[in-house]
Amino acid sequence: MANSFKHGIHPPEKKEISADKSIKRFPFAPYLVIHLAQHIGKPAKAIVKEGQEVQRGQKIAEADGFVSVPMHSPATGVIKKIAPMLDFDGKMSPSIIIEPHPGSDQNVLVGREVEPDSLTPEEIVKAVQEMGMVGLGGAAFPSHVKFSPPKDKPVQTLIINGAECEPYLTSDYRVMLEQAKRILRGIKIVMKALGAKETIIGIEDNKKDAAQVLKDAISVDDSAVKYVKVEVLKTKYPQGAEKMLTKALVNKEIPSGGLPADIGVMVSNIATVSEIGELLPKGQGLIERVVTISGKGVDNPGNYLIPMGTPLEFVLKHAGVNEKARHVIFGGPMMGKSAAYLEMPITKGASGILVMTEEEHAPKKQKVYPCIRCGECVNACPLFLNPSRLGILARNDEFDKMAEDYNLNDCFECGSCTYVCPSNIPLVQYFRVAKKVLREGRQRKQQSIAG
Amino acid sequence: MDSKFLKIDISSSPHVKRPVDVKKIMRNVVFALLPVSAFAVYAFGISALTLIVTTTFFSVVTEYVIDLIEKKESTVGDYSAVITGLLLGLTLPPGFPIWMAALGGIVSIALGKYLFGGLGFNVYNPALVGRGFLQAAFPVSISTWHPSFQADRFTSFFSSNLAFPFAKPTVDSVSGATPLAAFKFEQKSTEVANLIFGQTDGSLGETGGLLILLCGMYLAVRKMLDWRIPAGIFAAVILLSVIFNLINPEKYPSAMFMLFSGGLMIGAVFMATDMVTSPVTSLGTWLYAIMIGILIYVIRVWGGLPEGVMFAILLGNSLAPIFNILTKPRVYGTKKAGAK
Amino acid sequence: MSAKTFDSFIKPLWKENPVFVQLLGMCPVLAVSNSVYNSLAMGLATLFVLMMSAALVSLLRKVIPKQVRIAAYILIIATFVTMAEYLIQAISLEVYKNLGAFIALIVVNCMILGTAEAFSSKNTLGKALIQAFGVGVGFIFAIFCMGAVREILGNGTFAEIPVFSENYEPWVIMILPGGGFFALGLLLLVFNSIQQKLKKKEN
Amino acid sequence: MNTDSLGYIFLSSFLINNFVLAYFLGICPFLGVSGKLATATRMGGAVTFVMFVASVSAYGIHSLLVSVDALFLQLICYIVIIASTVQFVEMFIKKMSPALFKALGIFLPLITTNCAILGVALFQTNREYSFLQSIIYSFGAGAGFTLALVIMAGLREELDLASVPNIIKGAALTLMIAGIMSVSFMGFAGLGG
Amino acid sequence: MDAGSILTAAGVMAGIGILLSLILAIANKKLHVYEDPRIDTVDELLPQANCGACGVPGCRAFAELVVKGEIAPGKCTVADPKEIDKIAEFLGVDAGGSDKKIAYLACAGGSNVARQRATYDGVKTCQAANLVAGGGKGCSWGCLGLADCERVCDFDAISMDENSLPVVDAVKCTACGDCVEICPKGLFSIQPMSHKLWVACKNLQANEEAEDECEVACTGCGRCAMDASPGLIDMVNNLAVINFEHNHKANENIIQRCPTGAIVWFNKDNTESIKGKNAKKIIRKSSIPMG
Amino acid sequence: MSTEHVKGPSTFVMVRALAGVATLSGLLIVLVYQLTFPIIKINKAEFLKASIFKVLDGTKDFQKFVNKDGKLEKIPNEQETPDAYFACYDDSGKLIGFAIQAAGMGFADVIKVLYGYSIEKEAIVGHLVLETKETPGLGDKIEKDPQFLKNFDELDVKVTDDKKSLVNLIQTVKKGEKTEKWQIDTITGATITSKAIGRILHESTKEKIPVIQQNLQNLMPPRAN
Ligand SMILES: Cc1cc2nc3c(=O)[nH]c(=O)nc-3n(C[C@H](O)[C@H](O)[C@H](O)COP(=O)(O)O)c2cc1C
Ligand SMILES: Cc1cc2nc3c(=O)[nH]c(=O)nc-3n(C[C@H](O)[C@H](O)[C@H](O)COP(=O)(O)O)c2cc1C
Ligand SMILES: Cc1cc2nc3c(=O)[nH]c(=O)nc-3n(C[C@H](O)[C@H](O)[C@H](O)COP(=O)(O)O)c2cc1C
Ligand SMILES: Cc1cc2nc3c(=O)[nH]c(=O)nc-3n(C[C@H](O)[C@H](O)[C@H](O)CO)c2cc1C
Ligand code: SF4
Ligand code: SF4
Ligand code: SF4
Ligand code: SF4
Ligand code: FES
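Read top to bottom, the protein sequences are chains A, B, C, D, E and F.
For the first sequence, our numbering assigns the number 1 to the initial residue and increments by one for each residue that follows.
For the second sequence, our numbering assigns the number 1 to the initial residue and increments by one for each residue that follows.
For the third sequence, our numbering assigns the number 1 to the initial residue and increments by one for each residue that follows.
For the fourth sequence, our numbering assigns the number 1 to the initial residue and increments by one for each residue that follows.
For the fifth sequence, our numbering assigns the number 1 to the initial residue and increments by one for each residue that follows.
For the sixth sequence, our numbering assigns the number 1 to the initial residue and increments by one for each residue that follows.
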């Protein structure tokens, strides 16, 4: 039996839309928007001025502290403006706006090539930070931070997340099929940085061919054969979540509120290691990423290598958006965020752009019934929470009780509960609000969420 | 920056949804109950038809009226009141006075459901609250049985059906005895095959155990019913029956007899499984089911009354919140169950 | 009678009804209310104890120090309950049998202790008696309502006089414990909604 | 089962003739202290304990009164002795085990004047139970009280979060639930008979 | 009559009485905890809203502090001034009352003037909508109109107007600050009613960009700042910001040249806000169509 | 302010007050007790008499006996015992039968009955339910149902010749199936309670009727007090 975890759900996969589309390069948009805060941590600091000419790959903003990464110019062009621009949350976020030169050959600035084997772990961490590398799995957490675990918590096992459990998304799948060598190179670099003893690549069993490609690549690589193995996982959402993956692969649980390093593992997305394997030896920065564009709202779905900062508007037009399109979603359908403003750019954390039609998307204005305690959510929650009770508490504004008695803060918002709920209760949305309210420490008085 | 070429909708994730909702589940349960009701009509004739229609009608109307009074959006459309009405009807004896059945329908919804805030909040199974009320209010009528498959069942009512509202029903001379009462009070056993195929006396919906089982399986396969509950109840009853039957077959009936007699089948398949009133955790569900099974056995075998399914399920409902608390699963990454 | 004293008599009848509002002395209200006669008998017995103990407490209020007042009141109440028990036995053994242990249990009816403590111990004999009378009548009103509802529905009679035709099918549940709970719940509900309507009108 | 057997006495006072649901005793705490499960459990424990104490003291005082031929003082003696014994026990526990006192103590004064306690004392005397029978009876009654209280608390915690109509909230709802519970406890009738 | 039984009775009862009183006497040795009785009196005079606006958790705690003299009775924003005076009189202290404060809303972008860019579907509260791409309103600072503030106000001081914009009733508002806390866009603030000059906008965009999203947005043109005495109004990130320390310099002329009417002047009892003469007239009654 | 002013009264004042109240209570109770006792005594006796008259027609007087090692011994009528035999006499002073108390488990709780045994008929000729918690409307049919009461017109409890046991023990049968004089027809709708009555009588008569018969010789003479 394939490795797995308990609970979880099986939404329709819908990967066939883009699975067989190989990675294609995207053209440059008329302007690119580089948010200085597109990773977790402190925003980068701009080091260019308005009107300045920049070359593709050139550093345009530098890291501001350890938990921060630099930005590189995704195109050769001119800095139009440095100003706040809209981000996902509808907030204004400081950004650099670049206008690519239409006539430029768009060669990437040649970096200082390095031989990874010759670097010390500290140097690798430094180099990864210089690349502007963040986790491409969605959270956009600066990779070099993850590569420097606390001294007292050494990482033995590197887990490479090739699960790609979100429906629709196929970018990691294409990366595995097309970039096996880069991946192995990246794994070696990361293992060295971590001092890890072994690597497990976890891949869901709906992508057996990708697993085979990796296995083949490993079998011809003398060093990899010894410490890298590929494990096939049951196809189940959210198999790709860090917590589920460690449970499935090494049968250990990341402690509540703790880090993977607490149990001696580190989880990294497959595309992350692939980019490291490719860019680090060349001394180049992260300026583009593979993004799945899918959904019935576009006529040319596929997996595209898109320069950072490309505005959604441009992405959509280029992917052949049709008039049935209604929802534009950053990420997969389970955890992705709706975009309200099409000026918003592709960021490092965007693994997919879903353009869904009204029929494809969960029905609009669904009738919400009271919780009928069917227990579906309880049996879906991969973290063994009780979403039913949490939902009822949320309706009664018992936020403190949710956190204290029902582990609200362990919820990683996977959405499984909401997906299955026959009463159409927007559970995760309740939980997000509750978490936010608690985070902000608001001492709110009675106010019914239900309205 | 013109980006207004798309009409955009935004919503919170997840953006996909399992295509099942309460209404669909409830509708399927109604579908599953229709064959059972049809068999009841086949076995008991127009009395059965009238009773089932009466309870359903009064349940639905009560729900409608209370929504009106409470100035809430009508919830009749979710079919749950129909289920309550159907199930209440199916638990009544064939000769039950129609006016009492109507009262039962009203009590089920008003006392059993709306008192607690309506769908999803009732802690007791509404249909059984209705039946419990009727059983305690009119114990004679509800334990007066008429034989099934009477020749004139499609043309005439049992005379007690037609009692004038609030008046005493006439006593029929032809009253029969349920298999359980026959066993308990007269030490008469009933052929198990007759039980399975509904050739016995009893409440409208409790004869014909096999049909109920099949309808339940349909729901279980469609994942609209928690299979653990009937499984747990059956397991507990079978285990106890087998043990005691081995000790003294005279006094303790066989497992098959226990399973297919009385309201066990319809109770285990359709009533204990009411999701609103059963626990949500899977371990809790098992405990709940096994406890109901044990109580059914204990009440039937050692208690004063011949049948205990209704009481057992109501007692199970009482304890459901406590089972939920006791069986709170250990949250991922925490040490103890529910630890912070 | 001054307005205030009158008020103290009127209030417990409705606005501060010991049963419906203060939820005191629920046990006898539930237990011995399955017929009108029983509930009246219980009500009267309670009234007797209530008034007698109010009188004595009021008379002795200067003598009893604060620290031992509860113990003293319990003693006084128990005395009158015991007296009531013997008097009822002397009057009618049948009534005594129907009321059962609940006469003795008047001792622990919090309503009586509450009245003694909150009012009788602070007032002169006359006032204390009037107040106690109000509370007692409020109690009788409540237990009588219960008795009436339960007997009419559960037996088809009111004070043993049939109210329906011969053919009435009694709702046995109303005489059973379950029905006691239902009836009281229902009465509270009715009381609350009347109260709410009255309040709305006031506003 | 013999109706005087210890097993039956326990079963009867625990389930069949549950003090709260069949005898209507101890309704005040049943309505008042059944809001929270944690409190209900402790209250149940405290009541059971006090019932035991009351049962023992009532047995003793009854024997004494029989010997001096003053049975007419029974009621007044019971109530006074129970009250003072409980008070004494309260002080005793406070001294000996502060932890236990914290768990039970706050309830003790509340319980002293509660009909369920006096009920145990009076009923055991009426039924002429022996010492052992009396103790079992008090435990059965206590367990039954606890059971009813805990079930009610579980349900009420659930219903706290429900959209119960306003006029029903509170005592009316609790009573209605008690009614349904009482009906469902009727299923135990005749057990052991 | 049987003398024997009378004696027994008297004896037994006297014995019990003595026993009991001894026990109680011992118990009585444990003294009560002393509490200042004045706290009760003050507590009773307080509104029992337990809102916490005074900065103390609950009215009882407030009463304790008042009795201790650590806080002025007037710090209760909710209570009727008459009650406050009563408390002050009772304790013989100064009421410490102040200029009445109420909640001010920094947005005028009702659905008739502000554009919605995306249709939000989900939990109908501002808090929840704000977490979904900011709620989809064109002006990402503006009011979402889902009435969290209306629901949270215990004093019914907020009502939503026909364009889904909250309106504060200056009479009912007690300045408890609940609306300030709940609004995810941070649009409310508590201000003394003496502040008559008010910028009803938080949009940081400039010129047409701002006006495109909302017809009454502050476009950052700076005319009000020019017309005000120095220091009263600063232009910060394309938004006029009033410096209330210089409130005394405020007058009704300042608002006159505002092209959108984003800066307003409140009338005497804050029941009406007056726009400048040059402000464009808004005639649309229904919401702006999407797209 | 200090805690001074809450200082309580002296222990003596408290003891005096409580002891005073207690003594007063005791006196009051005794007073009422003494006053009501005779009336209650009469009431109780009346009640008992009435009950006995109900179960055995023609009774004018009765006398309490207890079983001492197989011998029936006279005890005062006022003395309370759970296990008494009430010998019943007609106006001529002739012993006509016995009234006997019996108890057993019913549907809900213990049922206590008093039944009348006629020496002449060697049968049970009446029964009265003294205590029951059976369901009103159902269980109380044992007191009201005319058909059920008919069972007690003459319920045969003849003893064997050696007077050691009954010829036929009392039996309950399904309604309408009564064929023998020692059988009791149950009540539909209250089978459980009616069966319980049967069982109670079965147990009680099995033990007590033979004792009566064995002692009949000693008791036959007209009563002496
Ligand atoms: C404050 C903070 C510190 C973290 N430190 C580490 C770390 O030292 N090592 C590591 O592997 N991950 C670290 N993480 C990353 C998280 O464990 C996790 O991998 C990241 O949030 C992405 O996970 P997700 O995409 O499953 O949400 C840290 C995260 C946060 C928020
Ligand atoms: C519910 C859930 C599902 C996730 N699914 C995936 C996934 O399918 N693939 C993936 O690479 N990361 C997934 N993640 C993110 C991982 O937990 C983890 O953050 C990531 O693999 C770390 O690698 P990175 O730091 O290189 O991105 C998921 C996270 C959550 C909370
Ligand atoms: C609330 C209730 C109370 C009952 N009370 C009694 C009772 O007091 N005595 C009795 O014999 N049966 C009682 N029963 C049992 C049934 O009414 C019925 O008599 C029993 O099932 C036997 O049925 P049968 O006599 O028709 O064979 C009661 C049942 C219920 C539901
Ligand atoms: C599997 C299943 C079983 C149900 N059983 C009952 C039942 O026994 N009684 C009832 O009133 N409603 C039943 N319902 C309907 C519904 O849950 C019920 O009306 C709610 O309890 C009302 O809140 C059932 C629903 C489902 C899905
Ligand atoms: S969103 Fe949270 S509560 Fe819901 S299933 Fe996922 S982890 Fe569990
Ligand atoms: S899935 Fe929905 S209806 Fe079912 S228990 Fe969970 S929250 Fe309630
Ligand atoms: S002011 Fe704030 S809380 Fe009120 S409706 Fe607007 S956004 Fe919501
Ligand atoms: S919530 Fe806001 S409007 Fe309401 S009283 Fe408090 S401060 Fe005033
Ligand atoms: S009256 Fe029974 S506990 Fe209060």
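Derived by calculation from the structure, the hints in this document are not laboratory data.
Computed from a predicted model, the values in this text were never measured in an experiment.
Do not rely on the hints blindly, as some may be mistaken.
Label pairs and their in silico Cβ distance ranges [stated by the list, open to error]:
1) F/L149 with D/S63: 22 to 28 Å
2) B/P19 with E/F244: 33 to 39 Å
3) A/L259 with E/N278: 42 to 48 Å
4) E/E89 with C/L198: 31 to 37 Å
5) E/K100 with A/V368: 40 to 46 Å
6) B/K7 with A/V225: 50 to 56 Å
Here are some of the chain D residues that sit facing chain E, going by a computed Cβ distance under 10 Å [unchecked claim]:
7) Y8
8) F10
9) L11
10) H62
11) L65
12) V66
13) A70
14) F72
15) L73
16) I93
17) S97
18) D160
19) L161
20) V164
Computed list of lysine to any residue pairs in SDA-like fashion (alpha-carbon distance at most 20 Å, straight line) [said to hold, decoys possible]:
21) D/K95 with E/A88
22) B/K188 with F/D185
23) A/K324 with B/K188
24) C/K97 with F/N168
25) B/K335 with A/S256
26) A/K151 with A/K181
27) B/K168 with F/D185
28) F/K133 with C/K62
29) A/K401 with D/D69
30) A/K401 with D/E157
31) C/K200 with B/I69
32) C/K97 with F/A103
33) D/K95 with E/E181
34) F/K74 with F/D185
35) E/K124 with A/T120
Positions of the beta carbon are idealized from the N, C-alpha and C atoms, including for glycine.
Fill in: C/K97 paired with F/N168 [C-alpha distance capped at 20 Å]
violated, 36 Å
Worksheet item: Within 20 Å, alpha carbon to alpha carbon, are F/K133 and C/K62?
Response: violated, 47 Å
Practice prompt. Hint says 31 to 37 Å; check whether the CB-CB distance for E/E89 and C/L198 agrees.
Written response: Given range 31 to 37 Å: holds, Cβ gap about 35 Å.
Worksheet entry | Holds or violated: D/K95 to E/E181, with C-alpha atoms at most 20 Å apart | violated, 48 Å
Fill in: Straight-line alpha-carbon gap F/K74 to F/D185, limit 20 Å
Roughly 36 Å separates the two Cα atoms, so the pair is violated.
Worksheet item: CB of B/P19 to CB of E/F244, is that within 33 to 39 Å?
Response: violated, 56 Å
Discussion item. Please check whether D/F72 passes as an interface residue: C-beta within 10 Å of a C-beta belonging to chain E.
Written reply: Holds, about 7 Å.
Discussion item. Checking hints one by one. Is D/A70 an interface residue toward chain E, by the C-beta closer than 10 Å rule?
Written reply: At 5 Å from the nearest chain E Cβ, D/A70 passes the 10 Å test, so the hint holds.
Fill in: 20 Å limit on alpha-carbon distance, applied to hinted pair A/K324 and B/K188
violated, 71 Å
Fill in: Agreement of B/K188 and F/D185 with the hint, judged by alpha carbon distance not exceeding 20 Å
holds, 18 Å
Worksheet entry | 20 Å limit on alpha-carbon distance, applied to hinted pair A/K401 and D/D69 | Given pair A/K401, D/D69 is violated - Cα atoms ~60 Å apart, limit 20 Å.
Worksheet item: Taking only the CA atoms, is the gap from C/K97 to F/A103 under or equal to 20 Å?
Response: This hinted pair holds, its Cα atoms lying about 18 Å apart.
When the structure is compared with the earlier hints, violations turn up for hints 1, 2, 3, 7, 8, 9, 10, 12, 16, 17, 18, 19, 20, 21, 23, 24, 26, 27, 28, 29, 33, 34 and 35 and for no others.
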